[in-house]
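Read top to bottom, the protein sequences are chains D and E. With our numbering applied, the first sequence has no gaps in its numbers, which climb one by one up to 320 at the end. With our numbering applied, the second sequence has no gaps in its numbers, which climb one by one up to 320 at the end.
Rather than coming from a laboratory, the hints here were simulated on the basis of the structure. Hints are supplied without guarantee of correctness; some may be wrong.
[Said to hold, decoys possible] As a list, the in silico BS3-like pairs of lysine-lysine whose alpha-carbon atoms are at most 30 Å apart: (1) E:LYS180 x D:LYS258; (2) E:LYS131 x E:LYS180; (3) D:LYS131 x D:LYS170; (4) E:LYS170 x E:LYS180; (5) E:LYS131 x E:LYS185; (6) D:LYS180 x E:LYS170.
Keep in mind the model is a prediction, meaning the values are calculated, not measured.
2 protein chains.
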Amino acid sequence: MISEVTAQELNPEAFISEKVEGIRHAVGDGLAINALSGGVDSSTVTMLGHRALGERLRTVFIENGLMRAGEPERVAALFRDLGVNVEVVDARAEFFGALRGVTDPEAKREAITQTFYRHVFGRLVRESGAKHLLQGTILTDVDETVAGIKRQHNVFEQLGIDPQEAFGYKILEPLIQLRKDGVRKVGQALGLPAEVFERIPFPGPALSARVIGEATPERIETVRQATTIVERLLCNYGAFQYLAILHEDRVTGMRDGKRDFGQQIEVRCWDSLDAREATPTRVPFEILERLAAEIVGRVPGVVSVTYNIASKPPSTIEAV
Amino acid sequence: MISEVTAQELNPEAFISEKVEGIRHAVGDGLAINALSGGVDSSTVTMLGHRALGERLRTVFIENGLMRAGEPERVAALFRDLGVNVEVVDARAEFFGALRGVTDPEAKREAITQTFYRHVFGRLVRESGAKHLLQGTILTDVDETVAGIKRQHNVFEQLGIDPQEAFGYKILEPLIQLRKDGVRKVGQALGLPAEVFERIPFPGPALSARVIGEATPERIETVRQATTIVERLLCNYGAFQYLAILHEDRVTGMRDGKRDFGQQIEVRCWDSLDAREATPTRVPFEILERLAAEIVGRVPGVVSVTYNIASKPPSTIEAV
Numbered sequence: 001m002i003s004e005v006t007a008q009e010l011n012p013e014a015f016i017s018e019k020v021e022g023i024r025h026a027v028g029d030g031l032a033i034n035a036l037s038g039g040v041d042s043s044t045v046t047m048l049g050h051r052a053l054g055e056r057l058r059t060v061f062i063e064n065g066l067m068r069a070g071e072p073e074r075v076a077a078l079f080r081d082l083g084v085n086v087e088v089v090d091a092r093a094e095f096f097g098a099l100r101g102v103t104d105p106e107a108k109r110e111a112i113t114q115t116f117y118r119h120v121f122g123r124l125v126r127e128s129g130a131k132h133l134l135q136g137t138i139l140t141d142v143d144e145t146v147a148g149i150k151r152q153h154n155v156f157e158q159l160g161i162d163p164q165e166a167f168g169y170k171i172l173e174p175l176i177q178l179r180k181d182g183v184r185k186v187g188q189a190l191g192l193p194a195e196v197f198e199r200i201p202f203p204g205p206a207l208s209a210r211v212i213g214e215a216t217p218e219r220i221e222t223v224r225q226a227t228t229i230v231e232r233l234l235c236n237y238g239a240f241q242y243l244a245i246l247h248e249d250r251v252t253g254m255r256d257g258k259r260d261f262g263q264q265i266e267v268r269c270w271d272s273l274d275a276r277e278a279t280p281t282r283v284p285f286e287i288l289e290r291l292a293a294e295i296v297g298r299v300p301g302v303v304s305v306t307y308n309i310a311s312k313p314p315s316t317i318e319a320v
Numbered sequence: 001m002i003s004e005v006t007a008q009e010l011n012p013e014a015f016i017s018e019k020v021e022g023i024r025h026a027v028g029d030g031l032a033i034n035a036l037s038g039g040v041d042s043s044t045v046t047m048l049g050h051r052a053l054g055e056r057l058r059t060v061f062i063e064n065g066l067m068r069a070g071e072p073e074r075v076a077a078l079f080r081d082l083g084v085n086v087e088v089v090d091a092r093a094e095f096f097g098a099l100r101g102v103t104d105p106e107a108k109r110e111a112i113t114q115t116f117y118r119h120v121f122g123r124l125v126r127e128s129g130a131k132h133l134l135q136g137t138i139l140t141d142v143d144e145t146v147a148g149i150k151r152q153h154n155v156f157e158q159l160g161i162d163p164q165e166a167f168g169y170k171i172l173e174p175l176i177q178l179r180k181d182g183v184r185k186v187g188q189a190l191g192l193p194a195e196v197f198e199r200i201p202f203p204g205p206a207l208s209a210r211v212i213g214e215a216t217p218e219r220i221e222t223v224r225q226a227t228t229i230v231e232r233l234l235c236n237y238g239a240f241q242y243l244a245i246l247h248e249d250r251v252t253g254m255r256d257g258k259r260d261f262g263q264q265i266e267v268r269c270w271d272s273l274d275a276r277e278a279t280p281t282r283v284p285f286e287i288l289e290r291l292a293a294e295i296v297g298r299v300p301g302v303v304s305v306t307y308n309i310a311s312k313p314p315s316t317i318e319a320v
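When you get a sec, could you build the whole thing from the sequences and use the hints?
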């Protein structure tokens, strides 16, 4: 049973001291490793681990080919400015190899999880000699996994999996008593810049969760380009989350006066407090039309763009 | 080469007299048959044929199972009030049989065309003894077929098909010199009520063109229910056309707090003068949200609703 620490009762400095001490005690004079995604949770755990272990924490950013445009460079530069060395590991070929022919959403997540832990990260851990893995699991991840709503890759113990036996390393989860607002306070106290907290949530399987059907390099590139346009045009509406989804269904379009089957991008933009309930943001129609015009004009193969108008529930924030 | 008669130069009474005469001359003392869909073109040709031939024109409404809710009853009642007897023929089993396992949009159209002409209508023609078929082909159909934009089922001659040889009857197309606005004037002069002209356009393959993928009875029923809601809520925005499309892609939804893959309905509502160019109607967000709430609340299996925001071109009015 995990005892929650609410953001209200949280004393960030005391929390940081306690967790730094805990990490040092667990790791001893060994090495630790962590994978940074650039999200709030993994960024905070990186800063915490760095404070505890300094150079004895190896932080890797695994370029899986499924990130938003410019993401590895952006994250590495941000942490370089904070004095933390981040090693970018190019594992695109391995991830796309594992995703080849996989269309089921759960099977895609599983392929990414397995490639990440068993292959890419497993190899990095063995090479590094690290026996501890720092992870940014938070309490909401545990709740949602237990409830069966979400399948998180980073809550092995709650699922009855022993990571030491399965993967050869021990997992430390120093943020597991916190929810998002608590993590934010801790991250700020550790010196993370506002940019980290202003980023909208991004799913674990990254852009592979933004394509319905197979996540090929070409399809990921399509949704990546659409995502860049969506994030640029929808960043000013105070939305909780906004995203582009590449559909597998083909729809009719016109090219040079002839019928031509093309692809469709669905845009979702959500107003929400905590992701449990959400409604579509009432984005002005001129912006929606500009969004559609830019996507069909700039993203090859896309002829149609839709905007989500359903609420959660029964919809969910992400499509797959 | 067909010589166009524009709506401006059209004298409806003279046109009707000329075509009535033409039909009488062609049919002689034989019988003719026509299939009424309830659209402007087939309704006008029904009235024209009825004026020319009276009881010697047999008008059938083929219930193919792909119509909007209540459509056969509505059309039959409307013409009964005009003194025209319409025979409703239940051919649902034949159409769904032909559509089983067919997912390609062109193949679906072809299955419907073949079932209609070769099987159902062919049989009715043979049984009736009619040697002439009256059809509501208009000039725009011809243009679009020749241009390769649209595949019309009712322009055999333009495609080099001899219907007498292929199907055993001769086709009369008394409206072929007109465009939509001309047909409207002729229909009004023939006594058709406003209701016929106020109906929004509906595609030839009916609701099978409103499902992406296989047109099973269940999937057609899903899109039929969504169509009823869409037509009720969007009829007051002066739109050119509005429609519901059932996608084949599955998206995540929530049922009783658990993840559940469900279906998605796409709504399109178009502002357009002539269908050549079109933009999405700026329907108020509260209406779009109500639309989505009614669809997910009332149509079984649907968890997500989107609204089209792209323009034509490169989109098209219909999705398949």
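Each hint, compared with the structure:
no. : hint                : in the structure
1   : E:LYS180 x D:LYS258 : holds (22 Å)
2   : E:LYS131 x E:LYS180 : holds (27 Å)
3   : D:LYS131 x D:LYS170 : holds (6 Å)
4   : E:LYS170 x E:LYS180 : holds (24 Å)
5   : E:LYS131 x E:LYS185 : holds (29 Å)
6   : D:LYS180 x E:LYS170 : violated (73 Å)
Figure legend: structure checked against the earlier numbered hints; the only hint not met is number 6.
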